[in-house]
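**Q** Each chain, written out:
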Amino acid sequence: MSTKKTTTQPLLDVQNLKTYFYTDDGVLTAVDGVDFQVAPRQVFGLVGESGCGKSVTSLSLMRLVDTPGKIVDGQVLLQGENLLDKTPAEMTKVRGSQISMIFQQPKSSLNPVFTIGDQIVEVFKIHETISEKDARQQAVELLRRVGIPDPERKAQAYPHELSGGQAQRVMIAMALALKPRLLIADEPTTALDATIQAQILDLMQDLRDTTDTAVILITHDLGVIAELADRVAVMYAGKIVEEGDTTALFDKPLHPYTQGLMGSIPVLGDTKERLEVIPGNVPSLINLQPGCRFASRCGARVEHNLEICTQVEPDLIEFDAGHKVRCWLYQEHAGHTPPLKAFADKKDRK
Amino acid sequence: MIQYIVRRVLLAIPVILGILVVTFLIARAIPGDPCRSALGERATEAACEAFNQRMGLDQPVLVQLGIYMRQILLEGDFGSSIRYSRPVSLMLIERLPVTLELGVSALILAVMVGIPAGILSAVKRNSRIDVAAMVGSNIGVSMPVYWLGLMLAYVFSIFLKDTPFWLPPSGRLTAGVIAAPFYKVWDWQLVSGSLGAQAADFFSNLVLFNSFITGQWHVFSDGIKHLILPAVALSTIPLAIIARITRSSMLDVLGAEYVRTARAKGLAERAVILKHALRNALLPIITVVGLQTGTLFAGAVLTETIFSFSGVGRALFDAITGRDFPVIQAFTVVIAVGYVAINLIVDICYAFIDPRIKIE
Amino acid sequence: MAVQSPPVASVEQVQDYRNNSLLFLTFRRLFRQRNAQVGMLILGFLVLVAIFAPALAPYDPDQSLIGVESIDKRAGPCIHLLGCPADQPEHYMGVDGNVRDQYSRIIYGTRVSLFIGFSTIGLAVIFGTIIGAVSGYAGGWVDNIIMRIMDVILAFPSFLLAIAIITVLGRGLQNALYAIAIVNVPVFARLVRSSVMSLKELDFVTASRSLGASPLRILFIRILPNAIPTLIVQATLSIGGAILEAAALSFLGLGAQPPLAEWGTMLGTERNQVFTSPHLVFFPGIAIMVTVLAFNLLGDGFRDAMDPRLAQLAKS
Ligand SMILES: Nc1ncnc2c1ncn2[C@@H]1O[C@H](COP(=O)(O)OP(=O)(O)OP(=O)(O)O)[C@@H](O)[C@H]1O
Ligand code: SF4
Ligand SMILES: [Mg+2]
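Residue numbers (the working numbering), protein chains in the order written: chain U, 1 to 350; chain D, 1 to 360; chain H, 1 to 316.
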């Protein structure tokens with residue numbers, strides 16, 4: 001794994017992003033103050049349980065959140081420009097050419113009534129002045145590149161004629177058509193079976209090594225993160241609870257939730273169930289209780305008898321260089337001394 | 001594709017045969033004495049017997065059915081009206097074009113207004129436009145067609161009298177306005193009574209079509225003026241229903257993942273809606289448009305009554321209440337075949353729009 | 001994208017969400033919906049009008065005022081408050097061709113129309129449920145035959161079929177009611193059938209069968225209650241259509257017969273007078289429209305409330 005160092009200016013700088021859903025039953029705080037940076041050419045992993053707000057975060061970056069959702073606060077700086085300030089027309093120029101996205105369900109992400117060739121050609125036509133013939137040729141070239149056999153013929157196929165793995169390859173081809181700065185991959189392999197998953201990941205790894213595109217990789221699968229990501233953020237209930245370089249985070253997980261995730265990685269076997277090993281459920285994101293969002297499931301809180309956890313929300317603090325965590329085990333507060341500062345240090349020394 | 005169409009057409013044949021039989025049986029189930037309703041209540045026994053013999057009504061029902069099927073299928077002969085003693089085919093040639101022009105213009109109106117309204121509503125959901133369109137469509141489906149027709153007739157022919165907006169309240173053409181049939185204008189030599197002549201008659205009875213191709217503009221504009229109110233009245237319910245289904249179908253599709261993909265590509269919202277979403281939303285819309293032709297026909301009975309159009313709807317109503325079997329049969333068959341044909345067209349449209357259908 | 005601060009969800013809202021049944025949620029959604037609210041409001045009003053018709057109507061609806069008052073036949077509305085001379089008798093909606101007070105006839109017509117709507121659909125629901133339950137529970141050829149018959153009924157435009165049925169049965173309000181009930185049966189039969197089919201293999205049903213419960217008991221106690229919500233939605237939506245169809249039949253002279261104060265008949269008998277006395281056409285039509293609208297709004301509201309996903313879409 002190559003660890004690319006963060007350069008001076010990040011490619012993407014997300015600050016205090018908040019996206020809320022105004023539902024019938026109240027305001028659902030799906031993304032509630034998320035900060036992170038992605039460096040050029042970096043692979044940035046985003047992990048967390050189902051419903052913690054990963055997809056909403058990524059859709060917010062593209063400004064594709066559907067009603068009743070709204071981005072209510074924050075900044076999304078792409079090379080210093082705030083995407084949230086752009087007009088809708090300016091935003092369409094960014095999408096597909098500077099940031100592109102692939103989704104969890106490749107088959108339903110392709111329009112069933114157009115051939116895949118047409119759908120790829122469309123990307124060129126939107127953003128470039130290009131002849132139909134050239135666009136078609138490039139589309140076929142892209143399909144070849146992502147490993148679609150017999151690309152000339154397959155370009156005439158409709159999405160229902162593809163397998164899930166092929167559909168995801170097509171999605172990747174479409175996303176990379178214009179060599180974007182940033183690719184957001186929202187659980188690109190979750191819907192695929194294991195062997196196909198491996199192939200798609202190989203393809204992504206290959207593309208990472210051969211293009212200049214940075215990747216935000218969203219997944220449930222810590223194994224995938226360990227293999228592909230340079231940096232990782234762990235999300236819980238709409239907030240980032242821990243963030244660090246992949247090696248550091250895997251060597252020394254700080255947050256009890258991250259530790260739980262790591263503890264539940266099986267050596268072999270099915271990847272699906274592992275995240276449910278931490279007892280309890282993600283809290284409803286409507287009308288959250290005060291304090292730490294993980295409190296109801298946190299063993300460390302009980303162990304150390306921390307009352308502050310259910311009263312005040314901890315901040316995301318930089319605990320080690322480049323390694324951030326949001327937990328009272330590490331943060332000082334009036335009348336509260338973090339009990340685990342020493343413990344973590346000790347563990348580190350071993 | 002051609003194979004698909006041929007197969008659908010072949011599949012429609014048994015349905016049409018079934019319709020012929022069912023129609024015959026239903027017509028016979030209607031109680032009452034056709035002789036008395038044709039010759040009057042005081043017709044003598046002997047006169048009735050002669051009448052029944054002439055009309056073949058003295059035969060057993062199954063024999064009648066056989067004769068009837070043979071006549072229709074092999075000779076294209078629908079028999080003669082009991083009440084008017086005229087060939088039913090002549091009545092069809094006169095009346096079907098009237099209903100066709102009325103129904104088609106109402107359908108065009110419903111589609112041309114309903115679909116854009118539905119799209120707009122879905123895209124601007126919860127906006128004022130949406131609320132207005134949906135309130136309008138709710139009122140539209142709740143409105144009695146005949147009431148709307150009468151009120152329109154009142155408003156446009158009495159209230160707006162002496163304004164440029166005046167429209168005639170009834171009839172297909174103003175009395176005295178007569179269009180020369182196109183075959184006379186072009187001096188075609190037709191053998192009277194031949195199939196060609198009948199077809200030519202049929203098409204020349206399409207007032208708008210005939211006057212348009214022959215350039216008889218005063219007839220054309222008179223025909224249009226007479227058609228506006230009935231077509232508007234007839235189109236309200238289908239229009240409202242089409243607008244609603246378009247809205248809900250669009251709302252469904254706009255939430256689909258491929259629409260998100262289209263946006264993520266950087267496609268402008270307009271293109272996302274009109275290209276990616278609409279094409280997928282069309283399937284249920286087409287189904288409903290197909291179904292609405294049935295509603296249109298029921299509405300035609302009422303609309304033709306109010307606007308004094310001598311179309312098929314009114315004729316069928318009169319035939320049912322007058323127990324004029326051959327007319328009931330022939331007209332029902334024509335309507336049913338039209339129904340089947342429209343279903344066929346809907347199926348074929350499906351195949352054109354949705355590539356997934358071809359494999360089956 | 002507009003940046004705005006989130007409105008605060010009220011505590012009660014969130015709490016009552018936590019612990020409530022589907023039925024309660026459905027009703028809560030129903031009461032929240034503007035459509036349904038308007039529908040309920042109108043319908044409540046109409047029911048009150050129907051109940052208190054004798055108190056509300058200034059005249060006997062069937063009484064001709066010839067010789068009672070000095071008024072021309074088909075005289076237009078006369079409302080004193082709006083400047084109609086005080087020496088003329090007051091008729092809010094004018095009088096008809098037989099010099100009867102139209103306002104009173106419209107009021108009494110509410111009774112007829114509500115009766116038509118509830119009775120026809122009531123009949124259709126009962127027979128549709130029986131047919132659908134038998135069909136779905138029996139399965140096999142019984143199911144096949146019944147459903148093909150239903151298909152045939154559905155294949156004809158329902159209004160034409162109703163006309164044909166009336167021609168067989170004879171004219172009159174009662175026969176018109178039967179005709180409308182008949183053309184509405186297939187919808188309910190299909191609905192109940194599919195609900196029975198989907199439930200009859202479920203565990204709790206097989207369990208009670210293995211415990212020796214009789215098929216009828218299973219059907220009525222275990223299966224049918226589950227179909228009730230969808231039945232209510234469909235019935236509400238169908239009532240509007242039934243009232244509209246009944247009025248159209250009466251308009252054509254096939255349904256209710258004069259002198260009964262039925263809106264469609266009133267409209268039909270005076271339709272040729274529309275150019276001279278439009279009020280005789282206008283008011284009955286409005287009455288029909290408002291009534292049908294109430295049922296349609298309520299039906300839509302029910303449907304959306306039952307299907308939260310649709311409701312959410314409709315709202316957002
Ligand atoms: N359209 C919506 N309306 C209301 N709530 C929504 C909507 N979309 C997402 N949410 C809520 O936002 C929260 C975050 O959802 P999100 O899809 O981002 O989760 P996720 O982390 O991507 O989960 P998964 O791993 O299952 O994809 C969830 O609680 C979800 O219920
Ligand atoms: S803040 Fe408290 S409750 Fe939250 S994770 Fe840390 S120890 Fe657990
Ligand atoms: Mg997700």
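These are computed hints drawn from the structure, not numbers from a lab.
Glycine included, C-beta positions come from ideal geometry on N, C-alpha and C.
Watch out, some of these pointers could steer you wrong.
No farther apart than 25 Å at their CA atoms in a straight line, the calculated lysine-lysine pairs in the BS3-like style are these [stated by the list, open to error]:
#	chain 1	residue 1	chain 2	residue 2
1	D	LYS124	U	LYS93
2	U	LYS179	U	LYS154
3	U	LYS154	U	LYS70
4	U	LYS70	U	LYS125
5	U	LYS133	U	LYS154
6	U	LYS86	D	LYS124
7	D	LYS225	D	LYS161
8	D	LYS225	U	LYS125
9	U	LYS154	U	LYS107
10	U	LYS93	U	LYS154
11	D	LYS225	U	LYS70
12	D	LYS225	U	LYS107
13	U	LYS133	U	LYS86
14	U	LYS86	U	LYS107
15	U	LYS125	U	LYS154
16	U	LYS93	D	LYS275
17	U	LYS86	U	LYS70
18	U	LYS154	U	LYS86
19	U	LYS93	U	LYS18
20	U	LYS125	U	LYS86
21	U	LYS70	U	LYS93
22	U	LYS18	U	LYS125
23	D	LYS275	U	LYS154
24	D	LYS161	U	LYS133
Derived DEER-like restraints, expressed as beta-carbon distance ranges [what the hints assert, rightly or not]:
#	chain 1	residue 1	chain 2	residue 2	range
25	U	GLU161	D	ILE228	46 to 52 Å
26	D	LEU10	U	PRO112	26 to 32 Å
27	U	GLU128	D	THR174	33 to 39 Å
28	H	VAL168	D	ASP58	21 to 27 Å
29	D	LYS275	H	ALA138	44 to 50 Å
30	D	GLY18	U	GLU161	55 to 61 Å
31	D	ARG270	U	GLY80	47 to 53 Å
32	H	PHE118	D	ASP58	44 to 50 Å
33	D	MET112	U	PRO112	54 to 60 Å
34	U	GLU90	D	ILE228	45 to 51 Å
35	U	ALA194	D	MET112	51 to 57 Å
**Q** Compare the structure with the hints numbered earlier in the document and write down the numbers of the violated ones, lowest to highest.
**A** The structure conflicts with hints 3, 4, 8, 10, 11, 12, 13, 14, 18, 22, 24, 27, 30, 31, 33, although it agrees with all the remaining ones.
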